[in-house]
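Sequences and hints are given; from them, build the entire structure.
Keeping their order, the protein sequence lines are chains X and B. Oh and the first sequence: position 189 is 189 in this note's numbering, straight run, nothing missing. Oh and the second sequence: position 455 is 455 in this note's numbering, straight run, nothing missing.
Mixed in with the good hints there might be a few duds.
Not close to chain X: a few residues of chain B, all C-beta gaps over 10 Å, as computed [as the list claims (entries may be wrong)]:
#, residue
1, Ala49
2, Val121
3, Ala168
4, Asp184
5, Asp205
6, Ser243
7, Ser270
8, Gly330
9, Pro411
When the alpha-carbon atoms are kept at most 20 Å apart in a straight line, the in silico EDC-like pairs for lysine to aspartate or glutamate are as follows [said to hold, decoys possible]:
#, chain 1, residue 1, chain 2, residue 2
10, B, Lys211, X, Asp210
11, B, Lys380, B, Asp163
12, B, Lys211, X, Asp161
Just so you know, these hints were derived from the structure itself, not from any lab. Backbone N, C-alpha and C fix where the C-beta goes; we use that ideal spot for every residue, glycine too.
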Amino acid sequence: MAVMTTAAPVAARGRRDGVRRPRYGDLRTALIFLIPATIGFVTFYLVPAVRGAWFSLTDYSVLAPPRYVGLDNYERLVQDPLFWNAMKVTAYYVVMNIGLQTVLAIAIAVLMQRLTRSALVRGVVLLPYFVANVVVALVWFFMLDVQMGIVNVLLEGVGLDPQAFFGDPALALPTIALINVWRHMGYTALLIFAGLQMIDQQVYEAAELDGAGPLRQFWSVTLPLLRPVLALVLVVTITGSFQIFDTVAVTSGGGPVDATRVIYLYIYDLAFGQLDFGYASALSVVLFLVLLGVALLQLRLTRASESDTN
Amino acid sequence: MTTMTSRSRTRHAVAAAAAAVALGVAGCAGTSPAATDGVVTLTYWMWDANQVPGYQACAADFEAANPGVRINIEQYGWDDYWTQLTARMVAESAPDVFVDHSQQFGKFAELDQILDVSDRVAGSGIDLNQYQDGLVDLWRGQDGGLYGLPKDWDTVGLYYNADMLADAGYTQEELWDLEWNPADGGTFEEFVAHLSVDGNGVRGDEPGFDKDDVEVYGLGYNESGGGYGQVQWASFALSNGWSYSDRNPWPTEFSYDDPALVETIGWYRSLIDKGYMPPLAVATSGVGSQEALGAGAYATLIEGSWNARSISELGGADFQVAPTPVGPSGERGTVFNGLSDAIYAGTPHPDEAWAWVEYLASPDCQLRVADEARVFPAVKAASDRAVSAFKDLGVDADAFSVHVTDGTTTPSPVTDRWAQLQTIMQPTMDSVLSFQSEPDSFGPANRRVNELLDD
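Printed below as a string of structure tokens:
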């Protein structure tokens with residue numbers, strides 16, 4: 001009620017834009033719409049995150065009350081070779097995964113826009129994304145088996161040596177990265193495709209008049225105008241890529257010789273395998289700060305909020 | 001149902017929760033049935049689906065004798081079992097009674113999650129000598145308490161493809177006489193060499209054997225085995241006079257730096273170099289070792305007695321089992337492990353839970369389980385019954401029980417630090433078996449392991 005009665009004065013001292021609706025008139029409706037998401041966010045993210053930050057200062061086995069230990073967990077973390085190895089492995093994974101995935105996704109998106117508007121093709125491109133992560137991982141795990149997998153049978157068929165894709169420390173992480181590229185590139189391509197649709201056709205016509213060929217158009221028109229969408233896609237996919245867990249958990253399990261022990265697997269093992277929730281929480285807090293830093297840096301570097309179109 | 005029960009105490013760090021959600025498959029715990037009409041319902045958890053029918057029969061007999069108690073058996077696969085159990089303990093709704101593992105019970109006992117039953121055992125007058133020797137001690141806590149009664153035991157054996165054995169000109173009886181040593185591998189190495197075949201049909205002990213193009217490996221394995229090696233190298237090391245630790249249960253020092261282990265692993269991995277065993281990368285890449293045995297990629301495989309039924313039922317060839325070879329000590333060796341039934345400390349019905357555990361550990365139930373020919377029950381008489389039940393199915397169970405008869409078993413090391421120990425020993429052993437480092441790297445690793453025990 002209060003909102004209704006104050007609506008008129010607010011509108012009256014509204015900004016230069018006289019026809020604008022009252023500033024707070026939609027507040028109540030907006031709040032109602034926000035409630036479900038807020039409840040979920042507070043219950044499943046905010047409260048656990050704050051509790052996690054507290055647990056990172058404790059020795060906590062879950063089955064006994066937490067005991068405050070100050071910054072001990074963080075001191076241990078700095079000296080923990082497995083933590084640094086996990087961060088290195090994860091970073092390596094992200095670089096391979098995102099690098100290849102983004103290039104392929106742009107290529108697919110551009111091809112889709114240039115060659116076809118068929119909904120069927122778009123659906124097929126998206127298909128791997130509809131299969132659950134764990135299923136994708138297991139299917140590839142069987143296909144890449146060194147002794148019985150179909151991929152190695154094919155390799156032998158063309159005269160190559162069979163490869164232990166998951167057993168060779170040098171191959172295991174790239175293999176996992178490629179599997180996830182395969183699963184995610186269609187979805188990423190579709191996001192970029194949507195970005196391409198927003199680029200005004202007139203820009204291309206103008207470029208063509210200026211004598212720019214398809215490659216030049218891609219470098220000088222498409223990519224710069226795609227930047228805000230690319231920035232968003234990169235922030236989302238890089239954050240997601242850092243959280244690699246399930247593919248590793250059901251295939252290599254962190255081995256061989258820690259070559260695929262990514263940070264989430266290490267955190268999971270510490271918490272649920274060793275019941276060391278305090279230390280696992282400290283790792284989670286550090287990972288959170290790293291991801292926050294990466295996201296902010298990216299947004300800054302790609303100037304995501306600015307657009308070249310205006 | 002959500003993927004995690006959302007009681008307030010289950011809220012962990014955001015990452016841990018996210019990890020659990022990401023795991024997905026771990027979810028959907030059933031709800032414990034509440035007591036109705038004065039009837040107490042006990043929830044009983046186990047992980048081996050193959051054993052459910054046997055225990056269902058025990059439960060029926062138990063319910064007939066105890067009209068006020070009902071048993072509700074729930075089964076979760078091994079991969080989810082311990083995560084589920086921990087989550088339920090946190091939520092204070094763990095099953096009243098659950099099947100426990102010797103590598104897991106230590107931490108549950110230390111955290112007061114399971115009951116010490118020593119007083120109840122004494123009060124019931126249970127004869128602990130009715131169980132196979134060494135099994136009761138697997139369940140002793142650091143405080144001297146008893147945290148379960150033994151339900152079964154397991155050893156390992158050398159499974160083989162009997163068709164390949166016949167082709168190679170070996171008889172089943174000869175396998176019982178095989179010996180190995182770290183110097184030249186003995187008759188056992190000759191055996192696995194002869195069973196290895198390359199792409200041109202040349203056997204491993206014949207000139208011209210191409211170790212880079214092996215069609216059939218004489219001996220398979222699934223992974224390095226970390227610091228345990230139960231179904232990999234432990235039978236060799238234990239028959240070479242090695243033991244895991246200074247004492248058991250609750251070791252104060254492990255012995256991974258012992259020369260007896262170092263030379264055993266040096267010989268064991270030489271089989272990889274000779275092409276009689278697959279490289280670690282091959283062994284760990286893709287489907288499991290039993291499938292590889294079934295598909296004819298391995299001629300033999302060291303595996304646990306708990307897989308005797310599933311291996312005998314592999315199609316494609318006739319699969320049999322022989323004991324692991326005699327070592328330099330003049331004896332065979334095997335890890336001796338087993339399971340027990342533990343009572344959750346938070347159960348509202350400790351007396352009924354004890355009655356059920358007592359029945360599970362009794363000859364009545366264990367003889368019933370023996371007839372199923374899935375496992376070897378802990379009660380001596382029931383072990384014998386299981387051996388003949390296995391033989392009726394064509395499985396030579398003497399290959400497993402010979403260790404018990406001859407006293408060549410080594411109880412599985414009991415400590416509450418297994419998970420931490422493996423984070424050190426798994427990469428160390430992986431690295432040695434993949435020839436990235438030498439067996440003498442066990443020295444520094446062993447020091448780190450012993451530092452763990454000092455905490």
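Comparing the hints with the structure gives:
1. Ala49: Per Cβ check, Ala49(B) is outside 10 Å of chain X; nearest 19 Å; holds.
2. Val121: holds, 25 Å
3. Ala168: Answer for Ala168(B): holds, closest chain X Cβ roughly 20 Å.
4. Asp184: holds, 29 Å
5. Asp205: holds, 22 Å
6. Ser243: holds, 25 Å
7. Ser270: Non-interface label stands for Ser270(B): nearest chain X Cβ at 19 Å, farther than 10 Å.
8. Gly330: holds, 35 Å
9. Pro411: It holds; Pro411(B) is separated from chain X by about 23 Å at its closest Cβ, greater than 10 Å.
10. Lys211(B) - Asp210(X): violated, 64 Å
11. Lys380(B) - Asp163(B): violated, 34 Å
12. Lys211(B) - Asp161(X): It holds: about 13 Å lies between the C-alpha atoms, which stays within 20 Å.
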